[in-house]
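A.B. asks: If you want the building blocks of each chain, they are given just below.
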Amino acid sequence: MASIITMPKLSPTMEEGVLAKWTKKEGDKIQPGDVIAEVETDKANMEFPLEDEGVLLKLLVKEGDTVKLGDPVAVLGEAGEDLADVMKEVGQKGAQPQKKTDEPAAPPVAATVRAETGDREQGDTKAPDPTRAAAKSVPVAKPAPASKQAAARPALSVVQAEPANGNGHGRVLASPFARKLALEKGVDLKRLSGSGPHGRIIKRDIDEAAAHGEAAPSSLAYVPSREDQLVPASQMRKTIARRLIEAKREIPHIYLTADATVDRLVEMREQLNDSGTGTEGAVKVSINDLVIKALAMALARMPDANVSWTAEGILRHGGVHIGMAVSLPDNGLITPVVRDADVKSIGALARETRSLAERARAKKLKPEEYSGGSATVSNLGMFGVREFVAIINPPESVILAVGTTEKRPIVVTRDGHDVLEVARRMTLTLSCDHRVVDGVLGAKLLGEVVKLLEKPMGMLL
Amino acid sequence: MARLSYREALNQAMCEEMERDDSIFLMGEEVGHYQGAYKVSQGMLQKFGEKRVIDTPIAECGFVGVGIGAAMTGLRPIIELMTWNFSLVAIDQIVNNAAKIRLMSGGQFKMPVVFRGPGGAAGQLGAQHSQALEYMYANVPGLKVVMPSTPADAKGLLKMAIRDDDPVIFIEGERLYGVQGEVPDGDVVVPLGKADVKREGTDCTIVSWSKMLTVALEAAEVLAKENISVEVVDPRTIKPLDGETIYQSVRKTNRCVVVEEGHGFSNVGAEIVARVQRNCFDDLDAPIERVHRMEIPMPYAANLEAMITPDVPRIIAAVKRVMYLPESKPESKPQSKVE
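From first to last, the protein sequence lines are chains D and L. Using the numbering used here, the letters of the first sequence correspond one by one to residues 967 to 1427. Using the numbering used here, the letters of the second sequence correspond one by one to residues 2 to 340.
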């Protein structure tokens, strides 16, 4: 009996996934554990393994389709099996109640499974088209699912030029030279109607438009296309947006800022790194690694701050797990977590942060590697930022924003006299969830961090 | 500067070169005592004697081969083909020997031979004697293909062809022999592989050569009276082709029409179109147009011959298409369009 394969939950916060790539095709034999697809979740690209055995009879969604959790993606069974019944079931599973009947039927980019099995069996798996589906009459015996076939979810917004210059092509037709000339003269091709064949915009049209003042101000001559563009948001970007809004709305943030003198820290880091030079497997320790270590040790010493606010009560974390914000090449952001950072040696910690960061950029992190933190370190020092405030990453209750390490004048007392000296300083800003971390507790935590950074040998114990 | 006919200019080129270098000789059908089938070699037998101006039997494959052998052994033959149509019986010698010996001998043999004679249709000569065969020879690596359109180019290019150490296919215009033009006196040469802008203009580039160039210039003259400024580029050497001069022109005019006498499929015009679109893509305001002979062996009847051959009205129509201008009525003669 054929069975329907649905979109699994591949990350703790996943609600839908983009089927990035089918790694098996229709007709392939599947052994338990075989990966049939790669799925882009809100966090990472995940492998989609099957636990069953059989033949992959039908792929129900295209690569690039967005599929909600639990929606059908494929059919597994035995070779040559009749799919009529299971496809009917697929139709029902895929169907969702429509909210408004007068909603325009958008062409679904998302995977949609039509109710009529008939359409499916005609091999029309590639281009779901609700208008065509509607046009085909449904066998009388089957419930005509007028509402079901409109299961089309709102499509992902797609970059698309609006129907242009009435030529009926939905895009601008222009000769290569007209395009070049339009760019030089600042003429918007979309506003022109072409006088060439099929409405093609030609040199003459650009010349006329420029002569009639369609052109941009001359000082802006040769400005490349500066139109607004709507680009689809990635799953990760959507998650970032949602979670940051939640954090900023739900959590009453307070911000505490302090400076640390980090000459010794810098010196210690140099010594640590020098000591390993030439040794196989030696790891380079970064300032950020040392800040993570300091925050972890401070939290271990102040367990009252190593907590989370929950509806049921205040959750005291058993271990100290520090997230580190990593920006990704495609404009994403993720916080892999160093577990038990307070008890790990600095070397182990540095090795781990490097591995986590590399795998984060490759989108190869496992879900447990970017969840379950109790605090986060966010460092913009490498960009020359002196100080900033960060938004707490729920359900954590503190986040430490780390500024750049720079030489600054400071006043110190020598032999009873105040004198100006130069020291390496770093500004740290701790954001606290005031529901669980009050100002005094936060200040003590931050003070502990500063103390560890200023007397870094303490972190070697 | 003297006013000479195209045939006189060719004659002058050969005579000057033969006076300069006694390894040069002329060989072909009727080149000596008959003074040349088209009188190109007029007076040369008297001037250079029978050892250097040699009449041959009607055996192209044989005397073309003799020319190739002579070139391999140090002479610089000029082999006259009565027309290029007759080269087809000698094509094995040209394609398999002349074009390849230099490469196959690892450069031990040079091939300083010129094959020359008239090409193209000359009016009611029938299907077998009206062909424009430059595309065939231009397709063969190792051959250079030269096609002068004016007396001055004829002289300057033939001198350079004779001096070239590679085999040169020198195709004269059968209907150009009587054309008069100013020709520089003395040893003035035209380099191979260099195109010439025969008429300057701003609205459209016509690329054409040999006899068709003169037709293109006529069309340009008619269009000028309609305020359409046509630039006419003459490649002069088909291979190696001077693309850059053509590109510069198209970048200026943004439009291009290629006019050739031969058939369209796989012809030189197709190569020029390919290169222009590749190199001038962003400068083209319209698809490149081609004007060429219709796809049929040349009929004998004069009216049918005229019908399938590129002419002024068809060139004008093509220029108007690339300029997105309404076409003139087909029945009207070009002159009647002038206002």
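Heads up, some of the hints might be wrong.
No farther apart than 25 Å at their CA atoms in a straight line, the calculated lysine-lysine pairs in the BS3-like style are these [said to hold, decoys possible]:
no., chain 1, residue 1, chain 2, residue 2
1, D, LYS1373, D, LYS1204
2, L, LYS253, D, LYS1146
3, L, LYS101, L, LYS160
4, D, LYS991, D, LYS975
5, D, LYS1373, D, LYS987
6, D, LYS1329, D, LYS1373
7, D, LYS1146, L, LYS101
8, D, LYS1151, L, LYS253
9, D, LYS975, D, LYS995
The following label-pair restraints were derived from C-beta to C-beta distances [stated by the list, open to error]:
no., chain 1, residue 1, chain 2, residue 2, range
10, D, GLU1193, L, MET2, 57 to 63 Å
11, L, GLU245, D, GLU1193, 32 to 38 Å
12, D, ASP1154, L, ASN97, 44 to 50 Å
13, L, THR203, D, ASP1154, 25 to 31 Å
14, D, ARG1170, L, TYR301, 40 to 46 Å
Please keep in mind that the hints were generated in silico from the structure rather than gathered at the bench. Because the structure is a prediction, the values reported are computed rather than measured. In this text, a Cβ means the ideal position worked out from N, Cα and C, and glycines have one as well.
A.B. asks: Taking the hints in turn, state whether each one holds.
C.D. replies: Taking the hints in turn, this is what the structure says about them:
Among the hinted pairs, LYS1373 (chain D) with LYS1204 (chain D) is inconsistent with the structure: their alpha-carbon atoms are about 39 Å apart, more than 25 Å. Proposed proximity of LYS253 (chain L) and LYS1146 (chain D) is supported: the alpha carbons are some 13 Å apart, at most 25 Å. Of the pairs offered as hints, the one joining LYS101 (chain L) and LYS160 (chain L) holds, with about 23 Å between alpha carbons and a cut-off of 25 Å not exceeded. The suggested pairing of LYS991 (chain D) with LYS975 (chain D) holds, with an alpha-carbon distance near 22 Å, which does not exceed 25 Å.
For the suggested pair LYS1373 (chain D) and LYS987 (chain D), the alpha carbons sit about 50 Å apart, so the restraint of at most 25 Å is broken. Only pairs whose Cα atoms come within 25 Å are accepted, and LYS1329 (chain D) paired with LYS1373 (chain D) is rejected, the gap being roughly 36 Å. A hinted pair counts as satisfied when its Cα atoms are at most 25 Å apart, and LYS1146 (chain D) with LYS101 (chain L) does not qualify at roughly 45 Å. Simply put, LYS1151 (chain D) and LYS253 (chain L) have alpha-carbon atoms about 17 Å apart, close enough for the 25 Å limit, and the pair holds.
The suggested pairing of LYS975 (chain D) with LYS995 (chain D) holds, with an alpha-carbon distance near 23 Å, which does not exceed 25 Å. Distance hint for GLU1193 (chain D) and MET2 (chain L): a CB-CB separation of about 60 Å, consistent with the stated range 57 to 63 Å. Hint check: GLU245 (chain L) to GLU1193 (chain D), Cβ distance near 36 Å, so the stated range 32 to 38 Å holds. Distance hint check: the CB atoms of ASP1154 (chain D) and ASN97 (chain L) are about 60 Å apart, inconsistent with the given range 44 to 50 Å.
With their beta carbons about 27 Å apart, THR203 (chain L) and ASP1154 (chain D) fall inside the hinted range of 25 to 31 Å. A hinted range of 40 to 46 Å holds for the C-beta pair ARG1170 (chain D) and TYR301 (chain L), which are about 44 Å apart.
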